[in-house]
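Participant: Same order as they appear, the protein sequences are chains A, B, C and D. Throughout, the numbering used here is defined as the position within the first sequence, counted from one, plus 50. Throughout, the numbering used here is defined as the position within the second sequence, counted from one, plus 50. Throughout, the numbering used here is defined as the position within the third sequence, counted from one, plus 50. Throughout, the numbering used here is defined as the position within the fourth sequence, counted from one, plus 50.
Hint data in this document are derived by calculation from the structure and do not stem from the laboratory. Heads up, some of the hints might be wrong.
Claimed, not checked - Cross-link-like lysine to aspartate or glutamate pairs, in silico, EDC-like; alpha carbons within 20 Å at most:
hint, chain 1, residue 1, chain 2, residue 2
1, C, Lys-80, C, Asp-111
2, A, Lys-249, B, Asp-341
3, B, Lys-80, B, Glu-115
4, D, Lys-249, C, Glu-299
5, D, Lys-80, D, Asp-117
6, D, Lys-249, C, Asp-341
7, C, Lys-80, C, Glu-378
8, C, Lys-249, A, Glu-94
9, A, Lys-249, C, Asp-341
10, B, Lys-249, A, Asp-109
11, B, Lys-80, B, Asp-109
12, D, Lys-249, B, Glu-94
13, B, Lys-249, B, Glu-296
14, A, Lys-80, A, Glu-53
15, D, Lys-80, D, Glu-106
16, C, Lys-249, D, Glu-299
17, C, Lys-249, D, Glu-260
18, B, Lys-80, B, Asp-107
19, C, Lys-249, C, Glu-158
20, B, Lys-249, A, Glu-378
21, A, Lys-249, B, Asp-342
22, C, Lys-249, D, Asp-342
23, D, Lys-249, C, Asp-330
24, B, Lys-249, D, Glu-94
25, A, Lys-80, A, Glu-378
26, D, Lys-249, D, Glu-260
27, B, Lys-249, A, Asp-341
28, A, Lys-249, B, Glu-299
29, A, Lys-80, A, Asp-109
30, C, Lys-80, C, Glu-53
31, C, Lys-80, C, Asp-93
32, A, Lys-249, A, Glu-260
Unchecked claim - Here are the simulated distance ranges between beta carbons:
hint, chain 1, residue 1, chain 2, residue 2, range
33, A, Ala-88, C, Glu-183, 57 to 65 Å
34, D, Gly-345, C, Gln-154, 25 to 33 Å
35, A, Glu-311, B, Ala-155, 51 to 59 Å
Ideal placement from N, C-alpha and C gives every residue a C-beta, glycine not left out.
There are 4 protein chains.
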Amino acid sequence: MAEVAVLGASGYAGAIAATLLWRHPFFELKHVTARSEAGALLDEVHPRTRVPLVLEDWDPDVQGEVDAALVCWPHGVSAPAVAALRERGVRVVDLSADFRLRDQAVYEDWYGRHGAPELFGAAVYGLTELYREAVAGADLVANPGCYPTAALLGLAPLARAGAIADVVIDAKSGVSGAGRAPSATTHFISADENMTPYKVERHRHTPEIEQELGVLGASLPVTFTPHLVPLAQGELVSCYVTPATELGEGDVADLYREAYEGEPWVEVALGPPGVIEVRDTNFCRISAHRDDRTGRVMVFSAIDNLWKGAASQAVQNLNLMFGRDESEGLR
Amino acid sequence: MAEVAVLGASGYAGAIAATLLWRHPFFELKHVTARSEAGALLDEVHPRTRVPLVLEDWDPDVQGEVDAALVCWPHGVSAPAVAALRERGVRVVDLSADFRLRDQAVYEDWYGRHGAPELFGAAVYGLTELYREAVAGADLVANPGCYPTAALLGLAPLARAGAIADVVIDAKSGVSGAGRAPSATTHFISADENMTPYKVERHRHTPEIEQELGVLGASLPVTFTPHLVPLAQGELVSCYVTPATELGEGDVADLYREAYEGEPWVEVALGPPGVIEVRDTNFCRISAHRDDRTGRVMVFSAIDNLWKGAASQAVQNLNLMFGRDESEGLR
Amino acid sequence: MAEVAVLGASGYAGAIAATLLWRHPFFELKHVTARSEAGALLDEVHPRTRVPLVLEDWDPDVQGEVDAALVCWPHGVSAPAVAALRERGVRVVDLSADFRLRDQAVYEDWYGRHGAPELFGAAVYGLTELYREAVAGADLVANPGCYPTAALLGLAPLARAGAIADVVIDAKSGVSGAGRAPSATTHFISADENMTPYKVERHRHTPEIEQELGVLGASLPVTFTPHLVPLAQGELVSCYVTPATELGEGDVADLYREAYEGEPWVEVALGPPGVIEVRDTNFCRISAHRDDRTGRVMVFSAIDNLWKGAASQAVQNLNLMFGRDESEGLR
Amino acid sequence: MAEVAVLGASGYAGAIAATLLWRHPFFELKHVTARSEAGALLDEVHPRTRVPLVLEDWDPDVQGEVDAALVCWPHGVSAPAVAALRERGVRVVDLSADFRLRDQAVYEDWYGRHGAPELFGAAVYGLTELYREAVAGADLVANPGCYPTAALLGLAPLARAGAIADVVIDAKSGVSGAGRAPSATTHFISADENMTPYKVERHRHTPEIEQELGVLGASLPVTFTPHLVPLAQGELVSCYVTPATELGEGDVADLYREAYEGEPWVEVALGPPGVIEVRDTNFCRISAHRDDRTGRVMVFSAIDNLWKGAASQAVQNLNLMFGRDESEGLR
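Chain A extracted, bound-state conformation (with noise of 0.2 Å):
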């Protein structure tokens, strides 16, 4: 047993985040925290977790007395905890895009100032089935962005074999994507029977998209357009590929059969899928196909955002460094 605390529990993730590893077999929940809602139990402020622990406040000298510790919280508040839990030892999955970049000038460029400068650089990306081994051995792991989880899955099969001339990503999400606060955004009347392209040419992922690319040998400006769609959960990202050399159909199938076998959680599906298909799990769905007409290759990959996209791979990062079979509790 390994004793853990879900900081920033009263957010979407965080509390998902919790309800799994509240009934996870070798984890043991042992502090949730919030800031506004500290004092409620978590399960009054989100049912359907079923966790009746009281939210706390942030206070190192009580949460840092754990093993382990995820951190759902902003990019920018994240770093300082980070930093606190680390220094006590605590091993820390960190949700925020806080660690996920290599380059402090990108980061610093996108996100502004870091919030713990010393550590930057710290931290294994935690795209679980990218970086297995590296997360195995790791005390502080950056969980990745919900959009390049699904985008890096899907395209990794083809950057690895140098196959990426050109690509565009059309994404769509739910809404949960955007957070619990309240805003116009997120206000019912606005999402319900809407769809539209937000942060047009400025997401925060993409330079994460085009990081982790580059890393698998794809080093490229990535034009990345995020969407929001009337649904609550789940993420579905079109790629659309210019490729840099002739392939096939069955070359782009064998590509992806090959990347993916035996992995728990990537499904390589035949027809295009559903975002409904993954809700509620840690699965990624991809399909990929060649266009015969155009010579283009088309990649379609699904997510739950707050599941693969969060919370659930960062409990399939924390089971990894715990050395745990990464798909405890998560089944």
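Once you've looked at the hints, dock chains B, C and D against the given chain A.
Facilitator: Showing chains B, C and D alone in chain A's frame:
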């Protein structure tokens, strides 16, 4: 006054067309037809229409006694009815795909045998904003498909400027686009909280978009992928253009402002449009952006698939065919 | 022509009222106001209105220079503005609850101190179908609440016949009824795929329903429970009446047919209504049933909460106050 | 270990039952059947199940070779299959209505001729919380209807206390309750943004509710009206009780606390429940209120119609029938 019939008024587009014509100051709606629901009142089948006309069986000797007809039937079965109406001198707007393509071999390749080959090529392509003058003198107008309407209005300014080297069109549509016939796809439980690409590589609107882009000056194979999203009416087309020439942000803005200045039904917006903004209207709302990082030009174009994408554009065309203000009865 | 102002045009009902008046053949919309969004164009805030007027700060010397005003403000703050407008001779339809109740003690019990006690009792209750003649001569009309509109139109024929011994009103409303302010309740993730009773035992429309049922002849305490359902606009009120007298199925049908024969905006339907059938209209659609097994009479009444339940009924009243056809500008 | 078959696994409830049993620690899922989709894998038809079993045709010699079966077929066709299974000694939970009623004349009045009259009366009514002991010893359990499950759990404490003089049950259900067959009713465009009462006066769950209220001590005709609301899974039953005796707010609270203390799957909530709180669970969540103004007692009861209202309650019963913890495999 001119007398008009709507064939296929029990479908979604037909019912809206009938509603618009029932309240139209110039046209008098005399007949509405339906196959399986003949005998019922239109407003029993579609209460929102509040059109208390009896749905009739199709009979050229009955509905052919009018001045004009909208034919809201599926491709294939539409063409023979159109031919019968034209023989009687009825001016026709056909909402099917039967008369949209200019090359019969292309038609047959995507749709199969044509139902009235003697009329092939006789229609004006009724994308009103691009063919206004030809529509005004036409007896037979082929109303555009919903995706081509949004995509072509979105891309026309770039195509005319010779600025399109390559284009990816990622389209999203509400469920009414799948028609009124109950099916696994249109079941609430299939569509709700889901989104998925469909007809990947082989949606029939592809050749229509390519044909008209070619007319505008951009002859190239188009990558076009539609997605189903959980809302009733509304279509968003996201176009990713690799520009053929250097274009600055200001150039792009100028192109769109000049193209659509004075157009009553095209709105050039500063920010990306949401489909709710054009719901139940004849408007097409467009924003165009140049991404400085990648040089890519992105155009987002939103319509109501049943209105500007079908019924209201048909009335817009009918107005022009009868020398009326194209906006009559549409506000 | 009469000049009109809409106070509170940035709310949902105010925006629709402004849209209707902008296109109205008799009224000329001169002013629209908003608090936090003053300075913006109405159609920037609400693109669907397509009303290019600048939202102004409330100033009696500016907006008081019109012939009529719709006040779309919350209860409490509405009354003083109404008083200021009335002092300048402006005829007013007030959409708040401030002038609906006839007993000031009841008002204070449910709403607190009244903002313009000198005007208390001065308004005509503007449920048009029940108070048509009084509205026609009125300078100040209190527009009914959305639930009372649906419930009273549904129950009036039974109440007038002395047929109500007891009544349970189970009401369901779309999310726009909760207003435009972002909150935990109106967050997409709270409302989507959910439904829940709210304000159990203490919704403020209860005394309004009881008051008007009393006027109609049914003085009794009413059980009224609203529920939130995941749709944007639409309200369904299910009334379960224990009849005071023997009523056959035919008696019930006769009562409703006679009550609403010739009414332009009340539809008596054979089967139970769906809210989509009245969406974006001034219609109230009602069906009445007698259950042979239990003797209970059930009435289902559907309106669009923002239209007949607020904005369009306000215009209907305004038309009457100025001697116009009550349906002008509403079709 | 016990071997189990699910008949009718291609329906919504059957697919969930199969999913629960596939991962169940005690039961081993050996067979799943379907009519038109026989030959396909269950997880092709229902990807969310991730059950890679081939759907088989129904054959008593094949699926009858198990220890237990869940029959998820419609009433009428279910009874003969149940009889064939019982003849082979298979213990059965039947999810249809065929064995729920105790009076054959009532069955025939509401459902028509019974398909296995020799078995009529042989089943235990499987509302687990009310019939736990009888279920434990049963070979044939009639799984309750979804509405009766919610209504009876909501009303049982009052019924047992002799406190119900009259009751109105206004029920609201998501669209999955209408089944998987595509129809005009289940079309996305019919259900989306709509809500409507259905089967007014004649829903077949009425006699089932009356029968079981009678057993609990409240023999009275019940007014029961279901409504369709635009969500996938979830059922809310609002019960308006005219009390037979004086009941204070505290009395009501005591009744419910005492009735459900220690129940693993019934939650007594302070505020009114939302259906999302029980989504994808076996929970029933109830709040009870006494309105001081009217003396009326109101009970709100929420379940997931496909889980506690069908599939998961069936597994709860199956657990008991085999001497297992009733919650096994349900968390």
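Participant: Does each hint fit the structure? Answer for all of them.
Facilitator: A quick look at each hint next to the structure:
1. Only pairs whose Cα atoms come within 20 Å are accepted, and Lys-80/C paired with Asp-111/C is accepted, the gap being roughly 13 Å.
2. Using a Cα cut-off of 20 Å, the hinted pair Lys-249/A and Asp-341/B holds, with the two alpha carbons roughly 12 Å apart.
3. Pair hint Lys-80/B plus Glu-115/B holds up; C-alpha atoms about 9 Å apart against a cutoff of 20 Å.
4. Using a Cα cut-off of 20 Å, the hinted pair Lys-249/D and Glu-299/C holds, with the two alpha carbons roughly 16 Å apart.
5. For the hint linking Lys-80/D to Asp-117/D, the alpha-carbon distance of about 10 Å falls within 20 Å, and the restraint holds.
6. A C-alpha spacing of about 12 Å is found between Lys-249/D and Asp-341/C, which places the hinted pair at or below 20 Å, so the restraint holds.
7. Of the supplied pair hints, the one linking Lys-80/C and Glu-378/C holds, its CA atoms being roughly 18 Å apart against a limit of 20 Å.
8. Simply put, Lys-249/C and Glu-94/A have alpha-carbon atoms about 18 Å apart, close enough for the 20 Å limit, and the pair holds.
9. Of the supplied pair hints, the one linking Lys-249/A and Asp-341/C is violated, its CA atoms being roughly 55 Å apart against a limit of 20 Å.
10. The hinted pair formed by Lys-249/B and Asp-109/A fails the criterion: a straight-line CA distance of about 53 Å is larger than 20 Å.
11. Among the hinted pairs, Lys-80/B with Asp-109/B is consistent with the structure: their alpha-carbon atoms are about 13 Å apart, no more than 20 Å.
12. With a C-alpha separation of about 18 Å, the suggested pair Lys-249/D and Glu-94/B falls inside the 20 Å cut-off, and the hint holds.
13. Restraint check for Lys-249/B and Glu-296/B: the C-alpha separation of about 34 Å exceeds 20 Å, so the hint is violated.
14. At roughly 6 Å between alpha-carbon atoms, Lys-80/A and Glu-53/A fall within 20 Å of each other, so this suggested pair holds.
15. Only pairs whose Cα atoms come within 20 Å are accepted, and Lys-80/D paired with Glu-106/D is accepted, the gap being roughly 11 Å.
16. About 16 Å separates the Cα atoms of Lys-249/C and Glu-299/D, which keeps this hinted pair within 20 Å; it holds.
17. Restraint check for Lys-249/C and Glu-260/D: not satisfied, since their Cα atoms lie roughly 29 Å apart, outside the 20 Å limit.
18. Of the supplied pair hints, the one linking Lys-80/B and Asp-107/B holds, its CA atoms being roughly 13 Å apart against a limit of 20 Å.
19. Distance restraint check for Lys-249/C and Glu-158/C: the Cα-Cα separation of roughly 18 Å lies within the 20 Å cut-off, and the hinted pair is therefore satisfied.
20. Restraint check for Lys-249/B and Glu-378/A: the C-alpha separation of about 37 Å exceeds 20 Å, so the hint is violated.
21. A C-alpha spacing of about 14 Å is found between Lys-249/A and Asp-342/B, which places the hinted pair at or below 20 Å, so the restraint holds.
22. The hinted pair formed by Lys-249/C and Asp-342/D meets the criterion: a straight-line CA distance of about 14 Å does not exceed 20 Å.
23. Between Lys-249/D and Asp-330/C the alpha-carbon distance is near 26 Å, which puts this suggested pair outside the 20 Å criterion.
24. Only pairs whose Cα atoms come within 20 Å are accepted, and Lys-249/B paired with Glu-94/D is accepted, the gap being roughly 18 Å.
25. Proposed proximity of Lys-80/A and Glu-378/A is supported: the alpha carbons are some 18 Å apart, at most 20 Å.
26. Under the criterion of a C-alpha separation no larger than 20 Å, the hint pairing Lys-249/D with Glu-260/D is consistent with the structure, at around 17 Å.
27. Using a Cα cut-off of 20 Å, the hinted pair Lys-249/B and Asp-341/A holds, with the two alpha carbons roughly 12 Å apart.
28. The hinted pair formed by Lys-249/A and Glu-299/B meets the criterion: a straight-line CA distance of about 16 Å does not exceed 20 Å.
29. Between Lys-80/A and Asp-109/A the alpha-carbon distance is near 13 Å, which keeps this suggested pair within the 20 Å criterion.
30. Of the supplied pair hints, the one linking Lys-80/C and Glu-53/C holds, its CA atoms being roughly 6 Å apart against a limit of 20 Å.
31. Between the alpha carbons of Lys-80/C and Asp-93/C the distance comes to roughly 15 Å, so the proposed pair stays at or under 20 Å and holds.
32. Of the pairs offered as hints, the one joining Lys-249/A and Glu-260/A holds, with about 17 Å between alpha carbons and a cut-off of 20 Å not exceeded.
33. Judged by the Cβ atoms, the range 57 to 65 Å given for Ala-88/A and Glu-183/C holds: they are separated by roughly 59 Å.
34. Checking the proposed 25 to 33 Å range against Gly-345/D and Gln-154/C shows it holds: the Cβ atoms sit about 26 Å from each other.
35. The beta-carbon spacing between Glu-311/A and Ala-155/B, approximately 43 Å, falls outside the hinted interval of 51 to 59 Å.
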